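**Q** First to last, the sequence lines map onto chains A and B.
Each residue of the first sequence is one higher than the last, beginning at 0 in numbering that gives the first Met the number 0.
Each residue of the second sequence is one higher than the last, beginning at 0 in numbering that gives the first Met the number 0.
Keep in mind that the hints were calculated from the coordinates and are not lab data.
Treat the hints with care, since some could be wrong.
Straight-line Cα separation of at most 25 Å, DMTMM-like style, residue types lysine to aspartate or glutamate; simulated pairs [stated by the list, open to error]:
| no. | chain 1 | residue 1 | chain 2 | residue 2 |
| --- | --- | --- | --- | --- |
| 1 | A | Lys167 | A | Asp254 |
| 2 | A | Lys24 | B | Glu192 |
| 3 | B | Lys106 | A | Glu104 |
| 4 | A | Lys24 | B | Asp127 |
| 5 | B | Lys178 | B | Glu192 |
| 6 | B | Lys106 | B | Asp69 |
| 7 | B | Lys178 | B | Asp217 |
| 8 | B | Lys178 | B | Glu200 |
| 9 | B | Lys106 | B | Glu149 |
| 10 | B | Lys178 | B | Glu149 |
| 11 | B | Lys178 | B | Glu195 |
| 12 | B | Lys106 | A | Asp254 |
| 13 | B | Lys106 | A | Glu4 |
| 14 | B | Lys106 | B | Glu76 |
| 15 | A | Lys167 | B | Asp84 |
| 16 | B | Lys106 | A | Glu94 |
| 17 | B | Lys178 | B | Asp199 |
| 18 | A | Lys24 | B | Asp130 |
| 19 | B | Lys178 | B | Glu76 |
| 20 | A | Lys24 | B | Asp89 |
| 21 | B | Lys178 | B | Glu4 |
| 22 | A | Lys167 | A | Glu15 |
| 23 | B | Lys178 | B | Glu283 |
A short, non-exhaustive set of chain A residues, derived as facing chain B with CB atoms under 10 Å [unchecked claim]:
| no. | residue |
| --- | --- |
| 24 | Ala7 |
| 25 | Val101 |
| 26 | Leu252 |
| 27 | Asp254 |
What you are looking at is a predicted structure, and each value in this text was computed from that prediction instead of being measured.
For each residue, glycine too, the CB sits at the ideal point set by N, CA and C.
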Amino acid sequence: MRRLEPAAIAGVMSREVANFRTYWKGTTFSSVLEPIVYLLAFGLGLGATLVDEVEGVPYIQFVGTGMVATAVIFSSALPAMFGTFVKHRFQNTYEAILAAPVDIEELVTAEMLWIALRSGIYGCVPLLVTFAFGLAPAWGMLLVPFFCFVTALGFAGFGITMAATVDKIDQFNYVTALCITPLFLVAGTFFPISGLPQGVQLVAQINPLHQLVELVRGGAFGFEAVDIARFAFLVAVALLTWRIAISRMGARLID
Amino acid sequence: MAAIELSGVVKHFGPIAAVDGLDLEVPEGICLGLLGPNGAGKSTTMRLLTGQAIPDSGELRVLGHELPGDSKAARLEMGVVPQLDNLDVDVTVEDNLAVYARLYRVKDVGAAVDRCLDLARLRDRRRDAVDELSGGMRRRLLLARGLVHEPRLVLLDEPTVGLDPQIRTELWTLIGELKSRGTTILMSTHYIEEAERLADEVAVMTHGRVISRGRPADLIAEHAGRQTAEVYAPPQRLAELRASAEQQGLRVRPAGPAIAIVGSERAENGVIPEDAVVRAATLEDVFVLLTGEAAE
Numbered sequence: 000m001r002r003l004e005p006a007a008i009a010g011v012m013s014r015e016v017a018n019f020r021t022y023w024k025g026t027t028f029s030s031v032l033e034p035i036v037y038l039l040a041f042g043l044g045l046g047a048t049l050v051d052e053v054e055g056v057p058y059i060q061f062v063g064t065g066m067v068a069t070a071v072i073f074s075s076a077l078p079a080m081f082g083t084f085v086k087h088r089f090q091n092t093y094e095a096i097l098a099a100p101v102d103i104e105e106l107v108t109a110e111m112l113w114i115a116l117r118s119g120i121y122g123c124v125p126l127l128v129t130f131a132f133g134l135a136p137a138w139g140m141l142l143v144p145f146f147c148f149v150t151a152l153g154f155a156g157f158g159i160t161m162a163a164t165v166d167k168i169d170q171f172n173y174v175t176a177l178c179i180t181p182l183f184l185v186a187g188t189f190f191p192i193s194g195l196p197q198g199v200q201l202v203a204q205i206n207p208l209h210q211l212v213e214l215v216r217g218g219a220f221g222f223e224a225v226d227i228a229r230f231a232f233l234v235a236v237a238l239l240t241w242r243i244a245i246s247r248m249g250a251r252l253i254d
Numbered sequence: 000m001a002a003i004e005l006s007g008v009v010k011h012f013g014p015i016a017a018v019d020g021l022d023l024e025v026p027e028g029i030c031l032g033l034l035g036p037n038g039a040g041k042s043t044t045m046r047l048l049t050g051q052a053i054p055d056s057g058e059l060r061v062l063g064h065e066l067p068g069d070s071k072a073a074r075l076e077m078g079v080v081p082q083l084d085n086l087d088v089d090v091t092v093e094d095n096l097a098v099y100a101r102l103y104r105v106k107d108v109g110a111a112v113d114r115c116l117d118l119a120r121l122r123d124r125r126r127d128a129v130d131e132l133s134g135g136m137r138r139r140l141l142l143a144r145g146l147v148h149e150p151r152l153v154l155l156d157e158p159t160v161g162l163d164p165q166i167r168t169e170l171w172t173l174i175g176e177l178k179s180r181g182t183t184i185l186m187s188t189h190y191i192e193e194a195e196r197l198a199d200e201v202a203v204m205t206h207g208r209v210i211s212r213g214r215p216a217d218l219i220a221e222h223a224g225r226q227t228a229e230v231y232a233p234p235q236r237l238a239e240l241r242a243s244a245e246q247q248g249l250r251v252r253p254a255g256p257a258i259a260i261v262g263s264e265r266a267e268n269g270v271i272p273e274d275a276v277v278r279a280a281t282l283e284d285v286f287v288l289l290t291g292e293a294a295e
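One chain only, chain B, in its complex shape (with noise of 0.2 Å):
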């Protein structure tokens, strides 16, 4: 049984499409990543999850259990990680775990907390106030929270958004963790780096839909090939090659003062200039191909 499935899924807010014949199936066990750019999405799909967001068509299922009818008793099993920090900030750390642990009908309240404040690493903060904890440190029992009843099934919305390096990594590995515990995960980010790491497989969302899945890898070597050649040179010469590649079949995207022209492997007749910077193609060269490259 798939701990998620999603059947042509339809969400609009007024005239915009934000959620547009999403069909999803996450099975048991895996980690999959929900990779797109702001406006893909992602987060009303995880609302849609959560009962939240009621849908104008289309079907829900998590965890067996048929959405929005059936959302209370899957979402008893299912564990929620907010891109917003939403810690009660005055109470202390083992209450903020402790109401979460009531909210899930956790019969052993103080077993629960101790567990969280380990997975935290946060017992001898037990009785400090959230507000004197650190960026990470909240970042952390926001992620225990989500994990007090042990849930079949997590979704991390956008987890480390916002966060620095260190933080980041330190949640990585609470997540690796997780995964390695065979819990299912859902993760939404726009994240390309997180989404390489963490996801065993990764579907890329934009303008509501799934337009690609598959694991990393098989997206790399399908979309983008092996090898990314960076250019680096005046706008002039960049418009140029661009068209030359474009001309061989390559596909061309703006990596910031530079374009990266993907599946370099292929170029012929002195395309790619001798300095350029060739690579190995990456999930961003995919991402950016496949959602386009204007931000929204």
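Chain A with its partners taken away, still in its complex shape (with noise of 0.2 Å):
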């Protein structure tokens, strides 16, 4: 049989989906308020207190396309760091699906999309609730959920590795201050990166969240040709981590 059957990431993506199903309103409501509760905390407070304009775009509407990529990290690697771990430590989900006629490959790369599927998709929210705040809409934000389907691949690729690496869930605590915490701070969403000192700034180019939230901008506010590059660096960030994903899955899974 070959590699990567499309019948078999569908089957296992079938699964997802039968179990979305059952909890897609919780997940779905905090995905809808939580960049509401943000735009109102940083946007309407910092914006109508201390910050007018950055980079000639209304506060509010800077923080509203940034908190795009804050959307996407917490619905791609969160689910991918503790869904794995639980799906391989306490529901045994992995060893009765790899029964069947699917492999490590085939399994990896189904949660991996399913993840990026749905944080394309909730990525957008904020996008969608900053135009309440004024945003205009424009031609370029159609591709805003593509943008962000590739950047949670390599999110959901990073999560998945993490969880076949710890031993214990509550090393997941590690992993968010570590790197999560920081890439979130330092991608550009509630501050430009240009105002941190300049070693700084190098770290933030190779963060995929600052990639991201340039791209968001972009698509509302106009393009650069730069950002070509960015797209073409959260591609291969995605390939990256889809292998290592698997590579480290397979070293989880397979005795």
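The two chains are supplied separately, each in an independent frame; assemble them into the complex guided by the hints.
**A** Right under this line is the structure:
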């Protein structure tokens, strides 16, 4: 049988869909509410008191477009980490799936695709909410779900890799504190990274979230030529984490 | 052609040899019980057969497919019923079955789901979440899920472990129906009664290899004779009786507060006390004699 069979990938994804139907309301509620709360707190709070505009854009719109990246990382890296760990360690789900004609490559691919699809949709919610705060629709915004999808693939691969690496679920605290939070903070969501020290600015350039923020703002306020490189970087991250996740999951699931 | 052929299979976990030179052949159409104590290597053998463990050495062939290279093709024709319940508990009964029908590339998913619902006698619970089912229903569903693609070979890994007698009997009935349809079954178990009732042949496994194999009645005749005498007495008296029996070449094993003198029909000179409980020898006698007395 050949590698990466669509039927195997679709089968694994159908399991995710069946499960998602049981919890979509809660996930959707939090995915919609969170950006609204952030926008109200930062956009209206800071925007009304301290910051009026950033880079010529009203602050609430600056934050709203940046929040897309926040929604993507929280709807991809975290479910990939915790979901994968729980399915492997507590539910023995992967043992059942791998007893069927599905290999590790197909399993990881399906999990990443599913997480990225969801994230591609949830990632757009902050953008939609920001319309209510005066953001003007633009044709470039139609690419935002696609940008979110590709970025989420990378974070899903990262999360699955972490799940296949840690021994105990509380070790995710280290991952969150050392990786997720810094990535989230130096993405340029709440403030432009140009104000950060030079070294941090360089680090921010290899932060996929920052590249996504810039692409989303490109979609909203106008693309630049460098955005092609940004997108290529996100594709490369997705491919790299995909292969690493497959390797780590293979080591974890196959004795 | 044998459904399963293992030859000289070795699998280590660190310094521990979980499977240590295992030779095993399962002809098509029989139910083979893989009987052994905890740690005998049964579950590792099952994982080797599903490609979830890679052997250090040896040859594995399942339904004509070489493992681990051709494991995926073998799994397409093989059903697995795991020891642990890994159903999706929030998902409906029918969706649990439909997902696995798709994973096994079943063409008519709806028909396969209906057939499995009938098999598990859960047609009227099809839209209920698994969480709402009783323990017995969940086990029936787990078994039906492993049969959703009508496999030629079924691996049952401790299918009734931890279940109460009623549920166990229900599952035995279902496994019996499967046997009657000619499906090849490899069933690991450490329940003697389960092996006696369901298996055409039993392979006794310990320390990662098969140490004896045959029909249950033949194994009993070969290793335990016709009768076993169980003697209940104070520990000092039991020790004396044990010594006397062993002097006559009889084999003795502990049986809770008693000792069981196996092959007691051959005993002489009053070694068997008059108040001993004499019963027919069982597969349990064989199992304990072959695999040792101490629990691992």
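**Q** Check each numbered hint against the structure and report the violated ones by number, ascending.
**A** 2, 12
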